[in-house]
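Colleague: Work out the full structure: start from the sequences and follow the hints.
Protein chains in written order, with our numbering: chain A, 1 to 417; chain B, 1 to 463.
Hints are computed from structural coordinates only; laboratory data are not their basis.
Be careful, since some hints might not be right.
Unchecked claim - Examples of chain A residues lying across from chain B (beta carbon under 7 Å, computed):
| hint | residue |
| --- | --- |
| 1 | S123 |
| 2 | Q167 |
| 3 | Y189 |
| 4 | D194 |
| 5 | Y197 |
| 6 | N203 |
| 7 | N222 |
| 8 | I225 |
| 9 | S235 |
| 10 | H287 |
| 11 | S288 |
| 12 | N336 |
What the hints assert, rightly or not - Calculated pairs, EDC-like style, for lysine to aspartate or glutamate (alpha carbon to alpha carbon, straight line, at most 20 Å):
| hint | chain 1 | residue 1 | chain 2 | residue 2 |
| --- | --- | --- | --- | --- |
| 13 | B | K428 | A | D194 |
| 14 | B | K111 | A | D129 |
| 15 | B | K392 | B | D426 |
| 16 | B | K378 | A | D194 |
| 17 | A | K137 | B | D264 |
| 18 | B | K123 | B | E53 |
| 19 | A | K137 | B | D177 |
| 20 | B | K393 | B | D426 |
| 21 | B | K255 | A | D129 |
| 22 | B | K423 | A | D295 |
| 23 | B | K182 | A | D371 |
Stated by the list, open to error - Residues from chain B that face chain A, not an exhaustive set, calculated with beta carbons under 10 Å:
| hint | residue |
| --- | --- |
| 24 | V156 |
| 25 | G158 |
| 26 | R254 |
| 27 | K304 |
| 28 | N370 |
| 29 | L389 |
| 30 | T417 |
| 31 | A427 |
Don't be surprised by glycine CBs; every beta carbon is placed ideally from N, CA and C.
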Amino acid sequence: MPMNRREFLFRGVGVASVSMMIPRFAVAGARFFEESVGTGASGRTLVVLELAGGNDGLNTVVPYTDPLYSGTFRKTIGVPAGAVLDLDGTLGLNPALSSVKALWDTGRVAVIEGVSYPNPNLSHFTSRDIWHTADPKLAQHNGWLGRYADLNLAGNDNPLSGCAVSQSLPRTLLADKVVFPSFTSLASYGYTTDGSYPQDAPNQTNAFVSQNSLPHEIPTRNELIEGVARDASTSAATLKQVAGSYVAKATYPNNSLAAALKLCAQMVVGNLGTQIFYVTYGGFDNHSAEKTAHDTLLKAVGDSIKAFYDDLAAQGASHNVVLMTWSEFGRRVQENGSAGTDHGTAGVHFVVGDAVAKGVYGPPPDLAHLDSNGNLKWQTDFRSYYGTLLRSWFRADADAVLGPGYPNLGFINSKFV
Amino acid sequence: MSNSWDREAAAHLARRAGFGATPAELDRYLQMGLDATVDFFVNYDSIDNTAMEAALFGLTLAIPPSRATYDLTNITGLQKWFLHRMVYTARPLEEKITFFFNNHFTSGIGKVGDSILIYNQNKTVRPLAMGRFDDLVLAITKDPAMLIWLDNATNVKGRPNENYARELMELFTLGVDNYTQKDVTEVARALTGWTLTRADANSPYTFVFNAAQHDSGQKTILGQTGNWDATDAIRIILDFTNAEGSVSGRFLGRKLWSFFAYHDPPEWVVADLANVWVSSNRSIRAMVGSIFRNPEFYEAHARKVLVRSPVEYIVASLRQLEAQTDMSTPANNLIPMGHYLFNPPDALGFPGDMTWINTGAIFARASFANAVISNRGKAGTYIDTTALLKGKKTDTPADVVNALADRFGLADAAPATRAIWEKYVDAKADGSRGFWNNSASAIDQKVRGLMHLMLTTSDYHLC
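Modeller: Here it is in structure tokens:
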């Protein structure tokens with residue numbers, strides 16, 4: 001059966017545009033620094049932090065005043081009421097999040113409660129794709145920030161308008177007209193050549209760029225790979241400019257999330273005009289022996305976020321950066337027999353930054369009225385969560401990215417909107 | 001061109017059923033013809049593999065590397081062990097299908113903790129990997145690493161843990177949305193009491209059925225009600241049919257076709273594979289064999305459209321470079337390429353395809369290739385350029401390109417690409433032409449450099 005070749009090749013793939021066959025590095029480097037810094041969304045930056053595996057919202061922001069929490073559902077793994085760090089008299093943070101509490105106390109944190117979507121899906125992978133694409137029907141292929149980038153960042157010549165500090169590119173950043181780079185360190189980010197013949201290195205590097213810059217008469221997967229290779233070369237050249245100039249002004253903890261956020265801070269301070277950073281921290285699928293594992297994860301998350309914030313504040317850059325968290329779902333209200341929790345629905349998320357209007361958004365979890373599977377009924381559509389950031393932080397047309405009908409949640413301080 | 005048995009077709013089959021062929025292997029496959037070559041890959045049990053097996057346990061020095069024993073008590077050693085098998089096996093499909101199931105029924109060291117259990121899982125899968133799927137699912141359900149990885153070890157009567165039950169249906173057999181949340185909880189009940197035991201803290205875990213923790217009540221799974229245990233649940237799941245036919249047959253058919261041929265197969269391919277599944281009593285060998293015998297597999301739109309995983313990229317390059325390796329450089333480059341073998345990000349395994357390709361991964365692959373081609377010593381991972389060029393004309397830059405392109409399956413490279421390679425071979429330090437003189441030092445510089453370029457061309461990331 002004959003297949004449409006283009007459809008065949010590109011289905012399931014982020015499509016690089018034909019215009020990308022022209023190497024961007026030829027024009028991007030120097031001109032970008034002269035003209036483009038501070039353009040786009042007024043120099044504003046969004047850091048997306050994915051907590052992969054389905055973070056247990058009820059043990060993150062604890063409904064400690066609800067007797068059902070400790071008395072019925074979380075007898076083994078519940079956070080004791082006396083230990084929580086109170087937020088508003090009803091909810092309190094897991095004590096592992098003492099760093100987040102410190103940021104809350106200075107007005108830098110918004111807590112978004114009960115976030116999910118109609119008919120929540122309990123599969124990690126389906127729900128994750130829904131969050132990445134902002135489309136519960138999964139009719140959209142590209143990610144929500146990829147669509148934002150196609151509408152707002154394409155053609156600005158900055159090879160680092162967004163990036164994933166990661167060993168893979170998340171679907172959130174899949175776009176048609178923009179390739180977002182991904183890397184985990186600056187030192188190893190470049191095309192290595194034969195050390196025995198350093199005089200041949202320019203020939204090797206030029207040939208590498210050339211073999212990735214040939215036009216294709218028909219679309220092939222080669223074209224996609226070559227587009228990524230060209231962007232690798234371009235972004236590496238740009239990144240070199242921030243390699244030596246940054247000194248952290250806060251003490252980061254020793255974990256992979258902190259390392260990733262530190263690299264984000266380095267790029268923010270280096271003023272590369274990067275609008276979107278994506279970082280992932282995994283391990284939240286705590287079906288068994290949850291308490292120790294989850295507390296360790298939360299502590300790493302909270303301490304890393306605070307170090308990142310403190311660093312940016314000390315560098316004078318914190319007013320330009322907002323960090324948001326997401327996770328594919330919360331967990332089952334009733335703990336299981338393995339001292340863990342199975343897959344659930346609504347979760348709780350944090351937004352952190354100077355631009356945040358401190359507060360808890362959305363009603364607290366209603367443990368007395370669960371759905372037929374024993375899961376929380378959701379309160380806030382995640383597209384309103386995304387839309388608030390697009391509209392109020394990026395000043396973008398959120399409806400064009402998400403579709404209409406997702407009102408602002410108001411967690412960006414009106415002075416910044 | 002699509003369906004004639006030529007060098008391109010043989011190279012295509014070898015890339016998919018194995019990890020890519022050397023020129024000598026291609027010569028042999030061409031002589032054998034399509035049917036015999038497919039038989040060679042698919043019916044591999046009769047192929048003598050004792051040299052490789054023996055080398056793994058340090059029993060012989062007959063094949064490289066000379067010190068081919070690996071410490072299986074740490075994950076790097078286990079990665080080297082599996083890479084060694086893939087690079088040096090005489091039965092490419094045995095390792096390829098084991099590699100497939102390693103990602104299908106995946107388990108991660110980060111949670112499992114004990115690399116011996118991961119090793120045991122790999123050893124359990126290999127002899128069953130082309131057999132009856134039911135046997136494989138049953139074995140993996142009892143596998144200690146899996147019992148830890150997806151928590152069935154702590155799945156007990158009255159308070160079931162759903163983790164394994166869900167992924168058994170979603171990821172292993174049926175696919176998402178072919179069951180309900182109620183089916184998940186009922187299968188979890190059927191699986192209660194399938195757990196682990198060990199004699200003492202120093203012994204590895206083994207499977208045990210703990211009747212006291214098994215829920216022996218009535219369950220309704222996919223519409224069938226009875227006092228089901230785990231074996232019943234697996235049978236009901238694999239027997240499950242809907243209006244389209246065998247759900248497991250369609251699910252595995254789609255996944256195996258996507259792994260071996262191309263993504264998103266058309267409906268007629270899926271339906272054919274599901275029929276093979278049913279008529280063969282769910283034989284994996286029958287299904288895989290039918291893929292390689294399907295003319296559709298050899299169509300132009302099936303060729304060089306799959307993205308090589310980092311493991312496949314490493315193994316293909318080492319096989320086609322006929323490299324000597326102690327597996328250190330290969331194993332050490334897995335994580336930077338995004339492929340932490342035996343430690344996938346989650347139960348889905350590595351999602352593969354274009355997710356392997358991002359800017360950092362492109363550089364990491366180049367870095368690995370450079371490490372291999374630039375090592376001029378006789379330790380670690382290294383190549384013999386003289387042997388690789390034996391019998392090949394290298395008088396001109398075009399000769400050099402020809403000599404290497406066939407080796408890497410790049411003989412079909414576009415003229416413009418060849419021109420870039422020839423220009424590189426002939427380029428002096430200042431970029432001007434006239435460098436190539438076919439001397440030993442020119443070969444040492446430019447043949448190695450050209451290999452690096454070929455291994456980092458977009459075609460080599462595809463198979």
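Colleague: For a C-alpha distance cap of 20 Å, please report whether K182 (chain B) and D371 (chain A) respect it.
Modeller: 13 Å, holds
Colleague: With a cut-off of 10 Å on the beta carbons, see whether T417 (chain B) makes it to chain A.
Modeller: With a minimum Cβ separation of about 6 Å from chain A (threshold 10 Å), the hint on T417 (chain B) holds.
Colleague: Have a go at the V156 (chain B) hint: is there a Cβ in chain A nearer than 10 Å to its own Cβ?
Modeller: 5 Å, holds
Colleague: Does the CB of I225 (chain A) sit less than 7 Å away from some CB of chain B?
Modeller: With Cβ-Cβ at 4 Å, under 7 Å, it holds.
Colleague: Does the CB of N203 (chain A) sit less than 7 Å away from some CB of chain B?
Modeller: 4 Å, holds
Colleague: Does Y197 (chain A) meet its interface restraint, that is, does its C-beta lie within less than 7 Å of any C-beta in chain B?
Modeller: 5 Å, holds
Colleague: Classify the hint on Q167 (chain A) as holds or violated, based on whether any CB of chain B lies nearer than 7 Å to its CB.
Modeller: Result: holds, 4 Å to nearest chain B Cβ.
Colleague: Identify whether the interface hint at N370 (chain B) stands, where standing means a beta carbon of chain A within less than 10 Å of its own.
Modeller: 5 Å, holds
Colleague: G158 (chain B) was flagged as interface toward chain A. Is the shortest Cβ-Cβ separation under 10 Å?
Modeller: 7 Å, holds
Colleague: Does the interface hint hold: is D194 (chain A) within less than 7 Å of chain B, judged Cβ to Cβ?
Modeller: Hint holds; D194 (chain A) Cβ to chain B Cβ min 4 Å, cut 7 Å.
Colleague: Restraint: S123 (chain A) near chain B, CB-CB cut 7 Å. Satisfied or not?
Modeller: 5 Å, holds
Colleague: Is the straight-line distance between the alpha-carbon of K123 (chain B) and that of E53 (chain B) 20 Å or less?
Modeller: Holds. K123 (chain B) to E53 (chain B) sits at ~13 Å (cutoff 20 Å).
When each numbered hint is compared with the structure, violations occur for hints 14, 22, 26, 29.
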